[in-house]
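*Asks:* The listed protein sequences derive, respectively, from chains G and R.
Just so we're on the same page, the numbering used here is the position in the first sequence counted from 1, plus 1234.
Just so we're on the same page, the numbering used here is the position in the second sequence counted from 1, plus 13.
Any given hint could turn out to be false.
Which stretches of chain R does chain G cover? Using the computed rule of at least three CB atoms under 8 Å from a CB of chain G, they are [stated by the list, open to error]:
#1 126-136
#2 140-154
Pulled from the structure, derived: some chain G residues nowhere near chain R, Cβ distances all over 12 Å [claimed, not checked]:
#3 1235
#4 1243
#5 1258
#6 1281
#7 1302
#8 1312
#9 1327
#10 1330
#11 1343
#12 1349
#13 1363
#14 1386
#15 1391
#16 1395
If you are wondering where the hints come from, they were derived from the structure by calculation, not from laboratory data.
Ideal Cβ placement from N, Cα and C applies to all residues, glycine included.
In case you want the letters, here they are:
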Amino acid sequence: MIPTLAAFPILVALLIVQSAVVNRFPLLNGSPDLVLLAISAWALQKRVKNAYVWAMIGALLVGLMSALPFGSVLIGYFITVALALLLRKRVWQMPILAMFVTIFVGTFLCLLIDFIALRIVGVALPINIVFNQTILPSLLLNLVLAAPVYVIFGDLAGFLYPMELEM
Amino acid sequence: MRSRGNNLVFTVILVFFILGLIALALGGYMTPVSRLFVNPIISAQTWISSRVQAFQTLLSSPQDLTVLRQRNTELEAEVSRLQTEIIELKQQIAETRILSALVDFARVNPEYSYVAAAVIGRDPSPFVKYAIINRGSDDGLRRGMPVVTQQGLVGRIAAVTAGAARVQLITDPASVINVRIEPSRAQASLFGDITGELALEMVPQSASVQIGDLVLTSGLGGNYPPNILIGQVTNIRKLETDLFQSGVVQAVVDFNNLEIVLIIINFTPVDVNPLIPTPAVP
Chain G
1235 MIPTLAAFPI LVALLIVQSA VVNRFPLLNG SPDLVLLAIS AWALQKRVKN AYVWAMIGAL
1295 LVGLMSALPF GSVLIGYFIT VALALLLRKR VWQMPILAMF VTIFVGTFLC LLIDFIALRI
1355 VGVALPINIV FNQTILPSLL LNLVLAAPVY VIFGDLAGFL YPMELEM
Chain R
14 MRSRGNNLVF TVILVFFILG LIALALGGYM TPVSRLFVNP IISAQTWISS RVQAFQTLLS
74 SPQDLTVLRQ RNTELEAEVS RLQTEIIELK QQIAETRILS ALVDFARVNP EYSYVAAAVI
134 GRDPSPFVKY AIINRGSDDG LRRGMPVVTQ QGLVGRIAAV TAGAARVQLI TDPASVINVR
194 IEPSRAQASL FGDITGELAL EMVPQSASVQ IGDLVLTSGL GGNYPPNILI GQVTNIRKLE
254 TDLFQSGVVQ AVVDFNNLEI VLIIINFTPV DVNPLIPTPA VP
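Bound conformation, chain R alone:
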């Protein structure tokens, strides 16, 4: 009986003690005491946790490395693909700009019908200046048709196959074009040169030609339609002893970066050779 009574008293004291501790804790009076106990526990738990994490990383890192390398390879491939796509899109933008400019040229000159073609090569010989385009007789192209860009005259078709054509550039040494110089309206001849320059010849001595004057096709001779821009006079030489003035013309077309051209398909060159009188045979 006594033992049971002692237990009851002990239990009551314990309950009161616990309630007292709770009351002290709720009142904030136990914080310094709890800090004394809790801080070493937290430190120990942190230390153990960090060691466990390190060990876990050590065990799992080879797998992660393989996965990361695979992912890295995939991402590098993706970057390469996107870079290729960017280059292709830039190319398309450049082509679109050229085509847009060509369409503008066609709008400004509605009297002609055009076929667009891409320049796919140059003549293998360094002596001649020809370009090869990817349109031929199947597209309605014929020998002698003028070739232009939005900037000005390029040349004319010299030979045609079913799917391609060879264009004689105005810079070819065999090219001769009858031109008109503006604003003086003087008539002259423009010769191609192996260096790629354009030589202005047969300019009348009486003509007042200045540097910067525009050079356009005159239409004489029937090889080219009139009023197509060719370039600007960059040099003029006038000697009293010469019959004609001569000069150099800077072409408006950049022949080194020729990509897309327009062929005027409704212009038929006129062969004036039968009209040229031949000297009578004695």
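With the rest of the complex left out, here is chain G:
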């Protein structure tokens, strides 16, 4: 219960930082997605069982604040968490590698889904400019932040899911 409730203050804080601070310093038109980084790092922790709940809460918060179609954020985050959970089982010896793969694929898919959703609602976005000036810089920024975020959420998971000692 506590790990689920912890999602609210943590994700709200990250969203505020992203909206008020990070987005003021874009790389070309790209910016890191702190919420995506957080839910990916959380989903890759061994003892975490509520990764989808975190994804849903994150999507709800981003959907509230952003002008993006709500469904696109939700779908993107759910796919990313599903990928993270899949990699957690397969690449269990190198979790940081799983984090990089999750962030690379997850960021790309999330942005692609957002792009398609915006095209569907009639926003004219040229694919080449979107790819060069938004998707690639965002990918780079997310990959740069992937390792520190993974370490921080590893500590958080250790704090919220303490190891049980067998007597």
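Following the hints, put chain R in place on chain G, whose structure we already have.
*Replies:* Quick look at chain R alone, frame taken from chain G:
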């Protein structure tokens, strides 16, 4: 008796001797002699005094050092506090300048009623250009109200909550504004772009548009009030084969440093959609 007489004589001689010495001293004749005696005494006293002072310093210096360190720490804290105060005051001066400019804008355009708001965030998505402001429906804000600064048009309110609102910037890729180009008075449409540029489209081929011409809202379509400055034409492309001219506009508003904005609250956007004829169904 003799002894008493000798003493008296000795005393008188001594008195005369002393008086003689005083007289010589007053006359300045004793200076070389006194120098011979006094200088070694002064030197010895100076030497002793300096050693005593050094010893006293040695004994008292640890206490002084502690006091000085405490004082230094206090002064450093004071400097930090004053520097923080200076930064806060500079921030207040900057805000005051912005507010002053906004008040000037409101004076120049008295036909509108304004509510000032601070920009507290940006849209988390890199695909859309929205700003979040700290005023909402509790302050009388409604969807569609135009947002300006002292420089020109910023955008319009796209969504409102009780205490905050989301403003669609004119640079948003979904933003379309009907504009008028001065001095040619040509009508055109201004589109936002994901790169943050403003694309000028639908400029009639017959219009004489030059680089540097001003772009203002035309008021057509009912989404924005007329005559609000947007920017300047920085590039114009005219091809004989095209139906319209196109170009690029440099916005007068610096969207990267948007801090305080004004919302025009007495402008109600007109929904012209019901007036647009739909094709008849066969």
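*Asks:* Does each hint hold? Answer for all of them.
*Replies:* Do the hints match the structure? See the list:
no., hint, verdict
1, 126-136, "holds (count 4)"
2, 140-154, "holds (count 4)"
3, 1235, "27 Å, holds"
4, 1243, "17 Å, holds"
5, 1258, "7 Å, violated"
6, 1281, "29 Å, holds"
7, 1302, "5 Å, violated"
8, 1312, "17 Å, holds"
9, 1327, "34 Å, holds"
10, 1330, "25 Å, holds"
11, 1343, "14 Å, holds"
12, 1349, "7 Å, violated"
13, 1363, "6 Å, violated"
14, 1386, "19 Å, holds"
15, 1391, "24 Å, holds"
16, 1395, "28 Å, holds"
Against the hints set out earlier in the document, violations occur for numbers 5, 7, 12 and 13.
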